[in-house]
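Single-letter residue listing:
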Amino acid sequence: MTISSTSILLRASALTCERDGRRLFENLDLTISAGDVVELRGPNGSGKTTLLRCLAGLTADYEGSVERRLPAAYCGHRGGLKGELTPLENLRWYGALEGRRADTRSLRDALDAMGLEGYAMTPCQQLSAGQQRRAALARLRLTRARLWLLDEPLTSLDEAGCTLVRELLDRHRCDGGGAICATHAPLEVAGTRMQMLGAAAA
Amino acid sequence: MTIGERIKAWWHRLGSPRWFYRVCRAWSPWLTAVGLVAIAVAFGWGLAFAPPDYQQGNSFRIMYLHVPTAILSESCYVLMGVAGLVLLVWRMKIADMVIAAAAPFGLAITGLALATGMFWGRPTWGTWWESDARTISVLVQFFLYFGVIALREAIPRAETAGRACAVLAVVGTVNVPIIKYSVDWWLTLHQPSTFTLTKAPAMPPSMYLPLIVSILGFYAFFAGNLLARVANVILARERGTQWVQSLVAGPPGGVMSCDGGREERA
Amino acid sequence: MIETAVAEPRVLELLTAQIRRDLTVAMRSPGEMVNPLVFYLIGVTLFQFGVGAGPERLAAIATGVLWVLALLATLLALDGLFRRDYDDGTLEQLALHADPLFVGVLAKIVAHWLVTGLPLAIFAPLGALMLHLDAAAVPTLVLTLLLGTPVLSVIGAVGAALTVGLRRGAVLLALIVLPLYVPVLILGAGAVTARLDGIDPTPQIVWLAALLAFSLTLAPFAAAQGLRVGLE
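Going down the list, the protein sequences come from chains C, H and Y. Taking numbering that gives the first Met the number 0 as reference, the numbering of the first sequence is continuous, increasing by one, and the terminal residue is 201. Taking numbering that gives the first Met the number 0 as reference, the numbering of the second sequence is continuous, increasing by one, and the terminal residue is 265. Taking numbering that gives the first Met the number 0 as reference, the numbering of the third sequence is continuous, increasing by one, and the terminal residue is 231.
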């Protein structure tokens with residue numbers, strides 16, 4: 000089953016997952032191609048985070064198969080920022096993790112683009128929740144990953160912040176990337192697909 | 000089929016809970032029976048017929064219980080380590096069930112080894128506890144078992160718990176020879192043992208033959224008991240599958256004591 | 000399989016970046032960093048009260064006390080090795096991106112030892128002073144701690160990885176890890192006792208070094224596996 004097409008970023012087949020005796024989702028098929036933005040919707044506790052973690056490869060506790068194009072970027076609930084470090088230092092660490100050498104200029108530009116001018120050298124734990132979320136998402140501006148898995152990216156963001164995220168996703172989509180985002184509020188990005196989980200699913 | 004294909008087929012079958020369950024149910028009663036008989040023979044022989052030791056008199060006879068339990072406590076842990084490796088590398092669910100079944104048995108038998116060691120130590124050394132190579136190793140072994148059991152209980156999700164215990168079992172097994180070696184070495188710095196149990200040839204056959212029978216009997220009993228436990232774990236873990244459901248429901252007037260069966264009988 | 004485009008794993012860069020990051024984080028909360036050392040010294044003080052001030056009595060148990068307290072202090076610090084990163088979500092990022100993962104884990108262990116084990120080895124002479132340990136044995140004590148505390152960190156990392164997500168994981172961690180510490184304790188304390196008895200402690204030290212090499216090779220890999228399990 001070798002697909003050499005470069006446009007498929009994620010393929011999940013017959014995904015079944017159980018947590019605490021409850022079937023969260025069963026026989027789920029999902030394909031994300033370049034240019035796709037999938038909105039993952041469902042009530043609280045319907046398994047959105049679990050599904051994202053399965054798709055990202057953080058857990059192997061499921062049945063079925065997942066193939067994904069690496070590198071993939073996953074932004075979880077908890078942000079992924081070290082509170083004692085500044086946004087700049089956090090971004091630098093991400094760069095080292097992903098194997099890319101980023102100069103300070105481009106790191107600062109990414110932070111500025113997320114509306115954090117002047118906060119690049121402030122320890123993250125001193126930033127507000129919304130600012131921390133912006134800092135956490137700033138890494139998406141720099142990452143080479145074509146597949147994004149975002150868990151509630153709009154949490155804590157004000158209107159301006161939400162707009163920034165939408166622009167980010169839009170640009171990513173046009174650049175040939177794909178994303179799946181678990182969200183409560185509508186993303187309002189052009190061309191999104193819906194994926195429902197939980198009681199709302201067909 | 001070639002040998003290689005046979006082995007592959009057997010390996011594949013080994014991973015099937017249903018097949019393993021049948022094997023357990025078939026072998027377990029026999030192994031347990033053989034084990035118990037051997038143990039009874041060994042005890043009778045050792046307690047009544049073996050000559051008293053010139054140094055220890057009659058108290059050495061507890062060795063027929065102590066030595067097998069001490070040996071078994073180690074073997075059981077190594078079994079868990081091997082099963083852990085199988086689980087992590089080949090992802091066989093059965094391996095997880097073997098670990099889950101073996102751990103409580105190992106803990107109990109290690110506790111027995113410790114207790115019998117203490118009872119042996121009292122008349123021999125004059126104290127209830129003497130830090131000798133074997134006692135310390137068995138004590139550490141006891142804690143290792145405890146760790147595996149505690150870890151399984153602490154992790155809510157069964158599959159994750161299984162894998163965590165597998166990692167711990169493998170790490171522990173790698174450590175067991177290191178611990179044994181260092182404890183042995185540590186002891187030689189302090190006082191020489193008054194009685195080393197490895198000197199089997201120094202015992203006359205009438206003394207060590209019942210010991211061998213006892214050891215074999217304990218192994219057989221262990222295998223039988225383990226298989227019975229694994230069978231139970233299989234039933235519990237696979238309760239959602241069709242073959243377990245039909246097994247439990249049974250033929251009309253069925254054997255299994257579950258509500259459905261009883262109602263049918265009425 | 001979907002074709003993947005993975006960057007060339009730059010192991011050395013990953014190692015240094017991770018160590019640098021963890022050291023920076025540790026330096027920014029100096030109070031927390033010093034905790035294990037303070038625990039060590041408080042423990043030594045408590046032993047003085049518990050055992051009585053007689054120098055001979057203290058000297059008799061000094062080796063054991065100093066080593067066991069080092070063990071416990073390391074254990075205390077071990078819980079934070081992965082848990083803090085787990086709580087703010089950076090641990091899963093490490094698991095997702097670090098290639099190979101055991102290098103990232105090794106980096107964390109090294110940084111952790113630099114902040115915890117190394118100070119213990121350096122300040123042990125202070126404890127030795129309080130417990131009236133013969134001065135001739137102090138260099139041996141420091142050497143064995145320098146060799147032994149990394150082993151404690153690296154073996155403990157396996158336990159820390161397995162218990163990272165558990166709420167009351169700290170006690171379970173101790174339960175799991177302490178039996179595995181027995182060889183280190185025997186070798187380390189044994190070397191110091193040998194020196195006190197006038198015997199050359201070289202065999203113990205060599206074995207300790209061998210244990211260090213062995214565990215540094217294998218344990219990070221086991222810890223990485225444990226981490227994947229703990230993150231599920």
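These are computed hints drawn from the structure, not numbers from a lab. Values in this document were obtained by computation on a predicted structure and should not be read as measured data. A portion of the hints provided could be inaccurate.
[As the list claims (entries may be wrong)] If you anchor each label on the Cβ, the simulated ranges turn out as follows:
no.: 1; chain 1: C; residue 1: E25; chain 2: H; residue 2: L13; range: 47 to 57 Å
no.: 2; chain 1: H; residue 1: W89; chain 2: C; residue 2: E187; range: 21 to 31 Å
no.: 3; chain 1: Y; residue 1: F220; chain 2: H; residue 2: W10; range: 51 to 61 Å
[What the hints assert, rightly or not] Chain C side only, calculated, beta carbon under 7 Å to chain Y, not exhaustive:
no.: 4; residue: L57
no.: 5; residue: L96
no.: 6; residue: A159
no.: 7; residue: C161
[Claimed, not checked] Part of the chain Y face toward chain H, derived, beta carbon under 8 Å:
no.: 8; residue: L171
no.: 9; residue: L179
no.: 10; residue: G189
no.: 11; residue: A221
no.: 12; residue: G225
We treat Cβ as the ideally placed atom computed from N, Cα and C, and that holds for glycine.
Structure-based check of all given hints:
no.	hint	result
1	E25(C) to L13(H): 47 to 57 Å	violated (28 Å)
2	W89(H) to E187(C): 21 to 31 Å	violated (47 Å)
3	F220(Y) to W10(H): 51 to 61 Å	violated (25 Å)
4	L57	holds (6 Å)
5	L96	holds (4 Å)
6	A159	violated (24 Å)
7	C161	violated (21 Å)
8	L171	holds (5 Å)
9	L179	holds (5 Å)
10	G189	holds (6 Å)
11	A221	holds (5 Å)
12	G225	holds (5 Å)
The earlier numbered hints that this structure contradicts are 1, 2, 3, 6, 7.
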